[in-house]
Amino acid sequence: MVEQTQEYKPSIQPSEEGRVLPSGEREFFFDVSTSDLEVNMGPQHPATHGVMRVLLRTDGELVTGAQPHLGYLHRGAEKIGENVEWLQYLPYTDRYDYLAAMNNNLGYSLAVEALMPGLEIPRRATLIRTICAELNRIASHLIAFGTYGLDIGAFTPFFYAFREREWIQALFEKICGARLTYSYIRIGGVFNEAPPGWLKEVEHFCDVFEEKWKEYYDLLALNHIFVMRTKDIGVITPEMAYDFGLTGPMLRGSGIDFDLRRDMPYMDYTEIWEAGAYQIPLGSGEKGTLGDCWDRFDVRVKEMIESIKIVRYCLGVIEPGPVLGDVPKVIKVPPGEAYVGIENPRGELGHYSHSDGGKVAVRCRVRGPSFVNLAVLEDLMPGTLLADSVAIIGSTDIVVGETDR
Amino acid sequence: MDFKAIYDHLRAVDAPGLIEADEPRLPDKETKDKGRSGMPFVRIEPASFVDFLLVCRDDPKLTFELLVDLTASDPAADDENLWVLVQLLSVKHKHRLAVKAYLPKSSASIPSATAVYRAAQWHERECGEMYGITFVGHPDPRNILLPDDWVGYPMRKDYEFPKEYHGVSCE
Amino acid sequence: MVSTKEYFQNVWDALKTTAIGMRITGKYLMQKPITVQYPDERLPIPDRYRGIHYLEQEKCINCLACARACPIDCIEMDAIRHGKELEWVAFTLDYQKCMFCELCVYPCPKDCIHMGTEFALVTYDRSELNHDLLSFQGMGRGARIRMREAQAKKAAKEKAKAAAAAKKADTEKDADEPEAAGAGTGGDE
Amino acid sequence: MTPPLALTALPQEQVATTPNPGGNALLDLVNKIGPPEWIPDWIVALHAVGAGVGILIGIVSLIAMYSVWMERKVSGHMQCRLGPMYAGGWHGWAQTIADGVKLLMKEDMIPTGADRVLFIIAPGIVLASIFGALVAFPISYDFYFARMDLGIFMILALGSTTTIGVIMAGWASNSKWSLYGAMREAAQVIAYEIPLGLALMAPLITLGTFSLLDASALQSDWFGMKWAIFTNPANLPAFVIFWIAALAETKRAPFDLPEAESELVAGFLTEYSGIRWSFFFMEEYAAMFLMSVIAAMFWFGGFESPATWALRSAGVEGGIFFGAVCFVTLVIKAFAGVFLMMWLRWTLPRVRIDQVMTMGYKYLTPLALLCVLIAAVSEAVKSLLF
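As they're listed, the protein sequences go chains Y, U, G and F.
The opening residue of the first sequence carries number 10 in the working numbering; numbering runs sequentially from there.
The opening residue of the second sequence carries number -9 in the working numbering; numbering runs sequentially from there.
The opening residue of the third sequence carries number 10 in the working numbering; numbering runs sequentially from there.
The opening residue of the fourth sequence carries number 1376 in the working numbering; numbering runs sequentially from there.
Think of the hints as simulated: they come from the structure by calculation, not from any bench.
Glycine included, C-beta positions come from ideal geometry on N, C-alpha and C.
Among the clues, some could well be false.
Examples of chain Y residues lying across from chain U (beta carbon under 10 Å, computed) [unchecked claim]:
{"hint": "1", "residue": "L79"}
{"hint": "2", "residue": "M249"}
{"hint": "3", "residue": "G334"}
{"hint": "4", "residue": "E357"}
Some residues of chain G that are not near chain Y, with every Cβ distance over 10 Å (derived) [said to hold, decoys possible]:
{"hint": "5", "residue": "T13"}
{"hint": "6", "residue": "D22"}
{"hint": "7", "residue": "T34"}
{"hint": "8", "residue": "D56"}
{"hint": "9", "residue": "E111"}
{"hint": "10", "residue": "A161"}
{"hint": "11", "residue": "A165"}
{"hint": "12", "residue": "E167"}
Build out the structure end to end from the sequences listed, making use of the hints.
If you want it as structure tokens, here you go:
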């Protein structure tokens, strides 16, 4: 963090003819005067990743203050949750973090299932859920990778990232019929069985992706200009990360070894971890300071390859079987409250469901990781250059659908 | 630590404002109790909210470094209380704790947790605009998601949807 | 200040990583693109695609299960019952609201509402998006064009088939009994 | 004392291959046709100049148009896409023409609060300066707009005048983003003029001339491959430095800071639309072409290639066919340069403004000076040895 203690001393000295103001001060006339410039970055700006507005105070190229303004995409999703049935709320969860809709479905389903103690989730359903969630994590990180390149000014990686993302979307299209808002993982399992040959295609994707991933890393992450642009920028110290409640890659980028999949396991992630299928990439401060933008970016890029490993493990152990537990057509949830946090691509996605035993939720809270991660912006921005502010916003990897809900 | 151990430890260190633990229970037909599923809670006194969080954060056996979530809930339109719910998470010990405080709807106010966890800042702004809860000592108590001139607290159960907003019909 | 070593290291790194990047982009310059020219070529649409609905009207029993399952209440249906027969008044789906979640498909007891593969919903007027599922008029321009194309194709196929059959019949007739043809014509006379 | 360096030692027989030193080929052509006696000379001259301007505008428009099309195709294929495919039929060759027509038809918008006069004349200044610089661009040995002994000086001087237009555009737009773009442009161009000029010194020392035509003629040996980049060890690093500086001068990625779209929306172009915007666009591509021509002329043999050498040894020299071969050689070389610029653009991320300054002042300028030194020393050694 750079301390902002600059004061301006105009090069032209004030003239003697000044008048005395009512406050007793003397007013001088300057030929040249400087002042901070207030710039609205957004609501429509290429670097804000949606309709978010950041009010910047700049001193030339130097940013001296930043204030995020949210709410341009506020749709009252939590209120909707109190007015529709449990299953009917599922499509709305797609629309928080629209880049990782499978994970949102999963989080919501797990939160509702936590209130239904008798419900058994078939093993095949769990594995398909894991595969879908991890594939969607890759798809989401690909966007993070591509758009971060775009923020820094490299266009081509964005298209390479989209090429693979399109493939994942085509896979999802085959399994559930939608490309973005899947509504596939539902309470009690998944909506329908994977079509024949789908798992083979996923395996093929894994093979190809591992090759392409190396190219991504060479093309963008190790590029000298990219490294120079992102190292030592937006440093989040571990203390700061704790204080702001950061989760996910933002937390791991600061070198804190914490992943909900391993440390507070849900579904079958314990089994996968114990089988040694994946590691948890951490920010290392390899290129600059620990917890800078490069570290966060690096964690995201490396997580993609770890997700591939998880998918491969699941493909190895999956067996035929039912994919939906014993769920009635109109779901009635026993009274109770549950909070379930899962590892979304952006951090901990928490769903707090409160049921009074009826068909409709009493409270349907979503703890969006982007919302929390964005708060750190106010502290990171001052003292950086204008171009760095873009790099910092990009490295938080927010989805405005989730910050505003 | 599991919830039982955390609760016992909180009792042992005499955490300020701790009232009771609310654990899930099976339904009981005789007392017409519908039971409660889900997760256990700790209920605290709203007045000593900040002190309680400080204990949770700084006690070496608890070390809840992260305030994951702070939200409110309006259980029913005829209920006289609002709930404030806090989810704490310890990275070191890998455990969670859910904290709940009851606030009367007539005067919903609670000390702000911003001094303990800065993560609470935006969550509190959201609770403030959605439920009309006053967080005493919050450094920046503006609306965050709603426009500054919004009337009413939309997430309350007795909220009535406006007929129009700035000349735009909402029917 | 940077040290001398760092100075030249920077120069070297910049040149090297630029060369690596250029190798990758240059490689793709030589490769075949992966995109398709959309209106001319189309990617195959999977069977489960969630496009515009279609309704098997004769199966429907007006039970309202789909309308009730809809999270946004975009399905409206009404029918008058004459004994076992249903006289349909309306079955509309408002695509201004619909979010293609497929929740209306599962509860159907008669399995009569489906998600189609048509996705082109562009219209000149919002009111056109309130589709009447009872007729094809509501299916959108692209759907109508493709429907017409499909019908034309089918008709052409049938015509060809009929022609082939006729020809085959003719040749068979010719081959089997050439006199019979003459007899036939004679009969006509 | 050593004898005078190669700076003054122009091989006379090679200079003689460029006829009519100091004249204007167009004027000669008009004179050859022989207008009636009663038409005053100045009218003839005016017509010649008019024809020259017409040819120049035609060339610039064609270059800009096809550079844009090429950029879109190159970027498309690098990104596994196709780029424009419809307009015109074959690979969308008419796409830029269609875009140009669209831009002409667009509403002419001037933002409220803009300085109208500056806003309107800024694109003109930008375009005029690049046209001015292109006057020194020779089409072949016999056909050029102006033969100047200090041609490269004029190109550099007029080429950097575009900055004034850009700053005017940024200031006049009454937009904060535009102002940022203009200020960045000012800082950047000033920083990169120095290494650009210094890097050019190396081949200038090698060749010993400031004139584009002479530079080309001097590289005609060795089967048309006596290119300056091979004849002096300092010229390759000098070319790299020149190229980086040229990217910065022409506002191309990774130095497209004045219009950095992810930071400044579109920089100084934010408020421009329609035909005015396309003027800036044309300037960018014409400048790219011009920089590539300079590189081709002073490093890569100019008009010279084995083809011209073969023609010359077969006795075909001068005349339309030889001129055409010269022109095609140069255009191929220049478009190779343009392609290299595009390749770099679609590979690299954008540099930050302080890094741009650091790179210009701390890396390129000293290294360029070193190149000049090496070039001079090696030329001296050469003139001693041979």
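Exercise. Hint by hint, which ones does the structure fall short of?
Worked result: Violated: hints 3, 6, 7, 8, 9.
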